[in-house]
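*Asks:* The primary structure of each chain is shown beneath.
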Amino acid sequence: MSAPLLDIRELRVRVEEKEILSGLSLEVRVGEVHAIMGPNGAGKSTLAQTLAGRDGYEVTGGSVLMEGEDLLEMSPEERACKGLFLGFQYPVEIPGVSNMYLLRSAVNAQRKAAGQEEINAAAFLKQARGEAARLKLKPELLKRGVNEGFSGGEKKRNEILQLAVLQPRLAVLDETDSGLDIDALKVVAAGIRALRDGQRAFVLITHYERILNLISPDRVHVLAGGRIARTGGAELVSELEASGYEAFLPAAA
Amino acid sequence: MSRTAERNPEVRQLLERKYRHGFVTDIESDTLPPGLDEDVIRVISARKEEPEFLLDWRLRAYRYWREAQEPSWAKLNIPPIDYQAISYYSAPGAAKDAPKSLDEVDPRLLETYDKLGIPLHERARLAGVAVDAVFDSVSVATTFKSRLAEAGVIFCPFSEAVREHPELVRKYLGSVVPYRDNYFAALNSAVFTDGSFVYIPKNTRCPMELSTYFRINEQNTGQFERTLIVAEEGSEVSYLEGCTAPMRDENQLHAAVVELVALKDARIKYSTVQNWYPGDEEGRGGIYNFVTKRGDCRGENSAISWTQVEAGSAITWKYPSCILRGDNSTGEFYSVAVTNNFQQADTGTKMIHIGRNTSSNILSKGISAGHAQNTYRGLVKVFPRAEGARNRTQCDSLLIGRDCGAHTFPHMDIAHPRAVVEHEATTSRISEDQLFYCRQRGLDEEDAVNLIVNGFCKQVFNMLPMEFAVEAQALMNVSLEGAIG
Ligand SMILES: Nc1ncnc2c1ncn2[C@@H]1O[C@H](COP(=O)(O)OP(=O)(O)O)[C@@H](O)[C@H]1O
Ligand SMILES: [Mg+2]
Numbered sequence: 000m001s002a003p004l005l006d007i008r009e010l011r012v013r014v015e016e017k018e019i020l021s022g023l024s025l026e027v028r029v030g031e032v033h034a035i036m037g038p039n040g041a042g043k044s045t046l047a048q049t050l051a052g053r054d055g056y057e058v059t060g061g062s063v064l065m066e067g068e069d070l071l072e073m074s075p076e077e078r079a080c081k082g083l084f085l086g087f088q089y090p091v092e093i094p095g096v097s098n099m100y101l102l103r104s105a106v107n108a109q110r111k112a113a114g115q116e117e118i119n120a121a122a123f124l125k126q127a128r129g130e131a132a133r134l135k136l137k138p139e140l141l142k143r144g145v146n147e148g149f150s151g152g153e154k155k156r157n158e159i160l161q162l163a164v165l166q167p168r169l170a171v172l173d174e175t176d177s178g179l180d181i182d183a184l185k186v187v188a189a190g191i192r193a194l195r196d197g198q199r200a201f202v203l204i205t206h207y208e209r210i211l212n213l214i215s216p217d218r219v220h221v222l223a224g225g226r227i228a229r230t231g232g233a234e235l236v237s238e239l240e241a242s243g244y245e246a247f248l249p250a251a252a
Numbered sequence: 000m001s002r003t004a005e006r007n008p009e010v011r012q013l014l015e016r017k018y019r020h021g022f023v024t025d026i027e028s029d030t031l032p033p034g035l036d037e038d039v040i041r042v043i044s045a046r047k048e049e050p051e052f053l054l055d056w057r058l059r060a061y062r063y064w065r066e067a068q069e070p071s072w073a074k075l076n077i078p079p080i081d082y083q084a085i086s087y088y089s090a091p092g093a094a095k096d097a098p099k100s101l102d103e104v105d106p107r108l109l110e111t112y113d114k115l116g117i118p119l120h121e122r123a124r125l126a127g128v129a130v131d132a133v134f135d136s137v138s139v140a141t142t143f144k145s146r147l148a149e150a151g152v153i154f155c156p157f158s159e160a161v162r163e164h165p166e167l168v169r170k171y172l173g174s175v176v177p178y179r180d181n182y183f184a185a186l187n188s189a190v191f192t193d194g195s196f197v198y199i200p201k202n203t204r205c206p207m208e209l210s211t212y213f214r215i216n217e218q219n220t221g222q223f224e225r226t227l228i229v230a231e232e233g234s235e236v237s238y239l240e241g242c243t244a245p246m247r248d249e250n251q252l253h254a255a256v257v258e259l260v261a262l263k264d265a266r267i268k269y270s271t272v273q274n275w276y277p278g279d280e281e282g283r284g285g286i287y288n289f290v291t292k293r294g295d296c297r298g299e300n301s302a303i304s305w306t307q308v309e310a311g312s313a314i315t316w317k318y319p320s321c322i323l324r325g326d327n328s329t330g331e332f333y334s335v336a337v338t339n340n341f342q343q344a345d346t347g348t349k350m351i352h353i354g355r356n357t358s359s360n361i362l363s364k365g366i367s368a369g370h371a372q373n374t375y376r377g378l379v380k381v382f383p384r385a386e387g388a389r390n391r392t393q394c395d396s397l398l399i400g401r402d403c404g405a406h407t408f409p410h411m412d413i414a415h416p417r418a419v420v421e422h423e424a425t426t427s428r429i430s431e432d433q434l435f436y437c438r439q440r441g442l443d444e445e446d447a448v449n450l451i452v453n454g455f456c457k458q459v460f461n462m463l464p465m466e467f468a469v470e471a472q473a474l475m476n477v478s479l480e481g482a483i484g
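If you read the sequences in order, they're chains A and B. According to numbering that gives the first Met the number 0, the first sequence is numbered sequentially starting from 0. According to numbering that gives the first Met the number 0, the second sequence is numbered sequentially starting from 0.
Please note that a few of the clues may not be correct.
Pairs of lysine-lysine residues, derived as DSS-like cross-links and limited to a Cα-Cα distance of at most 27 angstroms, are as follows [stated by the list, open to error]:
#, chain 1, residue 1, chain 2, residue 2
1, B, Lys457, A, Lys125
2, B, Lys457, A, Lys111
3, B, Lys201, A, Lys111
Here are some, though not all, of the chain A residues that point toward chain B, as calculated from beta-carbon distances under 10 angstroms [claimed, not checked]:
#, residue
4, Gly55
5, Glu57
6, Glu77
7, Cys80
8, Glu92
9, Gly95
10, Asn107
Simulated from the structure, these hints should not be mistaken for laboratory data. All residues carry an ideal CB built from backbone N, CA and C; glycine is no exception.
Let the sequences and hints guide you as you build the complete structure.
*Replies:* Now the structure itself:
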């Protein structure tokens with residue numbers, strides 16, 4: 000069997016002197032969809048940000064390999080070019096930078112890293128417009144500043160647009176489903192399903208059963224106490240929905 | 000010796016007197032020795048075969064300047080300038096040590112041209128390679144001239160206008176920026192050697208954008224440049240000054256004056272890209288740029304719009320302004336000023352509302368990196384009779400790194416109780432969240448900074464003529480090189 004796409008072993012992460020992850024291990028193979036659930040403040044976003052290489056998330060132990068390479072040694076842009084995509088829980092606004100321009104710059108940066116030529120501008124435009132239409136994203140949002148004045152749902156769909164155009168090897172989506180109404184959720188789920196083609200893998204961070212019903216993950220994990228406290232199949236979702244995370248929280252003193 | 004001097008015994012006398020006074024001067028050369036006095040001004044005026052009124056005006060300006068003090072109110076740290084160490088006249092074509100070919104040009108300069116996308120055939124001219132080695136531009140300029148002539152537009156070097164259209168020069172020169180306006184305007188008035196003159200006749204829309212780029216028939220006007228643009232009733236013109244490429248220039252002190260006159264229903268759009276040498280990473284060298292630019296909306300319904308991208312110079316002191324004299328006239332100021340390393344910029348505008356229903360709009364974007372200091376200084380003045388005056392001011396500052404500074408001094412002097420004046424100012428650091436977002440999509444840090452900065456400047460770049468806007472974006476990137484990491 001080939002090396003896993005993502006291999007996290009005993010990862011320990013500190014934020015502002017406080018240990019948030021204390022020995023988290025997770026293995027994700029190509030083609031799989033993993034869901035990570037867990038109580039608020041458990042460290043799910045911390046895991047996502049650490050994987051993407053954000054400053055301020057101090058790794059104090061363990062290892063993270065992506066296709067056998069040490070991810071923790073790489074700059075954020077190297078990780079991105081290697082095929083790691085983070086769907087942000089709170090996508091940032093970049094006024095004055097057109098959404099399309101950022102996306103094309105991203106595509107070209109990744110192509111350059113792979114030794115490929117810049118993308119043909121017309122082909123790119125066609126692709127981006129097509130994906131936007133599938134995601135029911137208003138065409139005018141492509142020309143607007145990145146996330147500038149977007150509604151919460153539009154921001155999340157814009158993350159999926161970037162995902163669809165960039166076609167990463169590994170997508171970590173941090174609560175992409177939060178704050179979406181049911182129609183938007185369906186559109187987003189369809190966007191993700193369309194990319195579930197055996198060529199890549201997904202880590203879905205979520206609080207809700209409803210998106211998992213639309214996507215049906217291969218594995219479901221509970222992140223609690225700084226590590227993966229429990230792993231199961233899709234059936235774990237409805238169990239958690241019924242009983243909550245109580246069992247995973249530190250016992251009250 | 001020049002022909003003027005041969006023909007003019009007075010000039011010859013002057014030159015020789017200088018020699019006798021012990022100046023190290025080469026009579027054969029066409030460059031005056033350093034130093035400034037009335038004789039120097041007489042020589043300049045004689046060499047340019049100027050009419051009496053102009054010499055008189057220069058001399059009055061000089062006498063005023065001699066008694067005046069350098070302004071010290073700007074937030075600038077200006078090393079002492081020795082005005083007697085400057086040579087105030089150098090004949091056109093008398094390029095000192097000009098490179099003979101591109102091979103002799105500093106490779107770093109060529110690298111910058113490359114990054115800015117300057118076409119190959121332009122590079123030699125910009126780098127100051129001796130004129131006879133430069134090609135192409137002459138024929139371009141000729142076609143250009145004939146199209147303008149058809150429309151009745153005058154666009155020529157200032158010294159040519161003095162000879163060919165003295166009545167226009169006499170009528171308008173100093174009518175917007177009097178020589179007494181300030182120290183540097185007085186100096187410029189006394190010693191300017193050339194610049195541009197534009198006259199748009201009544202009800203004429205200038206058939207093309209006028210660009211100093213094409214005004215190639217004279218060199219060495221950069222130091223004390225004088226520009227005068229007159230737009231007659233109902234006329235319209237867009238003027239582009241400068242270019243994004245750093246140009247070869249040995250003069251450290253620049254003191255230009257630009258005067259715009261817009262008569263009834265006339266519109267003038269004036270765009271500048273300023274990219275003089277900013278000095279090195281340690282703050283050594285670089286141009287001191289003291290510019291007085293002012294537009295007079297003299298007639299009703301007239302409009303003057305300034306757009307500037309200030310990227311170069313070690314010191315920038317510049318406040319393109321509008322006097323909104325005509326009723327219903329409008330003034331605009333759109334500015335991007337970027338400072339890196341040890342650059343200092345104190346720039347902004349003055350909007351003087353005199354007429355009724357006058358309106359003005361100010362949008363200033365300051366970017367500071369390295370150890371640079373970037374100041375916006377603005378004045379909005381509303382006279383008691385300016386019923387219906389409105390102003391909107393927005394000043395945004397962006398800081399990159401910890402050692403730079405941004406300052407905002409928006410002065411208001413409002414003498415009409417119902418004037419509507421809005422002011423908004425923001426200062427922000429380049430955001431970690433934005434940087435990380437871009438990098439997570441694959442952009443390296445430098446590209447991410449460039450992208451964010453260009454977004455910050457977008458509203459101003461949108462005001463530039465199309466091809467200038469693209470160049471301005473590339474210029475931003477070059478100016479901020481090394482600002483991060
Ligand atoms: N940038 C940060 N600065 C300070 N504390 C943080 C930061 N990010 C996360 N934390 C803290 O780390 C813990 C885990 O947060 P987070 O990873 O956002 O949890 P989750 O996404 O599971 O809700 C929380 O206690 C949170 O307050
Ligand atoms: Mg979170």
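*Asks:* Are the hints correct? Go through all of them and say.
*Replies:* Results for each hint:
1. This hinted pair checks out: Lys457 of chain B and Lys125 of chain A have alpha carbons roughly 25 angstroms apart, not beyond 27 angstroms.
2. Between Lys457 of chain B and Lys111 of chain A, the direct Cα distance comes to roughly 26 angstroms. Compliance with the 27 angstroms bound is thereby established for this hinted pair.
3. With a CA separation close to 55 angstroms, the supplied pair Lys201 of chain B and Lys111 of chain A exceeds the 27 angstroms bound.
4. Taken as an interface hint, Gly55 of chain A checks out: its beta carbon lies about 9 angstroms from the nearest beta carbon of chain B, inside 10 angstroms.
5. Evaluation of the Glu57 of chain A hint against chain B yields a violated restraint, the C-beta minimum of about 16 angstroms exceeding 10 angstroms.
6. For the restraint placing Glu77 of chain A at the interface with chain B, the shortest Cβ-Cβ distance is roughly 9 angstroms, inside the 10 angstroms limit, so the hint holds.
7. Given hint, Cys80 of chain A at the interface with chain B, holds; its Cβ is 5 angstroms from that chain's nearest Cβ, closer than 10 angstroms.
8. Against a cut-off of 10 angstroms between C-beta atoms, the interface hint on Glu92 of chain A holds, since the closest Cβ of chain B lies about 8 angstroms away.
9. This hint holds: Gly95 of chain A has a C-beta 3 angstroms from the nearest C-beta of chain B, less than the 10 angstroms allowed.
10. About 8 angstroms separates the beta-carbon of Asn107 of chain A from the nearest beta-carbon of chain B, less than 10 angstroms, and the hint is met.
Violation of the numbered hints given earlier is confined to hints 3, 5; the remaining hints are satisfied by the structure.
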